[in-house]
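Listed below are the residues making up each chain.
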Amino acid sequence: ETGVTQSPTHLIKTRGQQVTLRCSSQSGHNTVSWYQQALGQGPQFIFQYYREEENGRGNFPPRFSGLQFPNYSSELNVNALELDDSALYLCASSLRGGEFGYTFGSGTRLTVV
Amino acid sequence: AQTVTQSQPEMSVQEAETVTLSCTYDTSESDYYLFWYKQPPSRQMILVIRQEAYKQQNATENRFSVNFQKAAKSFSLKISDSQLGDAAMYFCAYRNTGTASKLTFGTGTRLQVTL
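If you read the protein sequences in the order shown, they are chains L and U.
Just so you know, we're using our numbering here: the first sequence kicks off at 1 and counts up by one.
Just so you know, we're using our numbering here: the second sequence kicks off at 1 and counts up by one.
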């Protein structure tokens, strides 16, 4: 049973650029959620995808968007990067309801300069 | 909106001793789930223990147990026989029910384990 894999592990971008982060969900999991974890903070929910559709969104602007593919893998896209977007981005997969918990990846550390 | 509060930014415990991490939450729902996650320097969130709000019995996983007080909206984690490998950030998280479920995390408690 494979876990959640995220790529890349680290990334440096310039303010105003666009970035795409990738996530492969755990085998058997059909739901993917993305979280933003600023330094010294707990993760904040960005959005969730189920059956290739957005199924819940946190308090993030539209420049944060995502995709889920038929194999349940997912992408997080951020346009017009701002300095405050610097954070650890965590992907979590689960079965539909997530009642038994979520499996997290090791995250992508994004630095915006 | 639900909120989760962890009032202890840092805790320290000696190896083999017991430590309790505190967590309180605010919600108007009666059915929900609570979790404790561990985040070591590797950054990956690891599920430690989960509690279903409709179950009065406190969850236990080996050396880890919780004290769930639903009326007080309190969900503390007790780690017994602490080990060096327990050193990490610990996050308390709340999961709402419904189709668009999400986790709401606290700000975390950094646990140090000393010899």
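Rather than coming from a laboratory, the hints here were simulated on the basis of the structure.
Certain hints may be false.
What the hints assert, rightly or not - Pairwise CB distance ranges, derived in the manner of DEER restraints:
{"#": "1", "chain 1": "U", "residue 1": "T60", "chain 2": "L", "residue 2": "Q18", "range": "38 to 48 Å"}
{"#": "2", "chain 1": "U", "residue 1": "Q112", "chain 2": "L", "residue 2": "S27", "range": "30 to 40 Å"}
{"#": "3", "chain 1": "L", "residue 1": "E54", "chain 2": "U", "residue 2": "A1", "range": "12 to 22 Å"}
{"#": "4", "chain 1": "L", "residue 1": "E54", "chain 2": "U", "residue 2": "Q2", "range": "12 to 22 Å"}
{"#": "5", "chain 1": "L", "residue 1": "L95", "chain 2": "U", "residue 2": "S28", "range": "22 to 32 Å"}
What the hints assert, rightly or not - Computed footprint of chain L on chain U; a stretch qualifies when at least three of its residues, placed anywhere within it, have a C-beta under 8 Å from a C-beta of chain L:
{"#": "6", "segment": "32-42"}
{"#": "7", "segment": "103-114"}
Beta carbons: idealized from backbone N, C-alpha and C, even for Gly.
Results for each hint:
no. : hint                          : result
1   : T60(U) to Q18(L): 38 to 48 Å  : holds, 47 Å
2   : Q112(U) to S27(L): 30 to 40 Å : holds, 35 Å
3   : E54(L) to A1(U): 12 to 22 Å   : holds, 19 Å
4   : E54(L) to Q2(U): 12 to 22 Å   : holds, 20 Å
5   : L95(L) to S28(U): 22 to 32 Å  : holds, 26 Å
6   : 32-42                         : holds (count 4)
7   : 103-114                       : holds (count 6)
Going down the numbered hints, you'll see the structure goes against none, and every one checks out.
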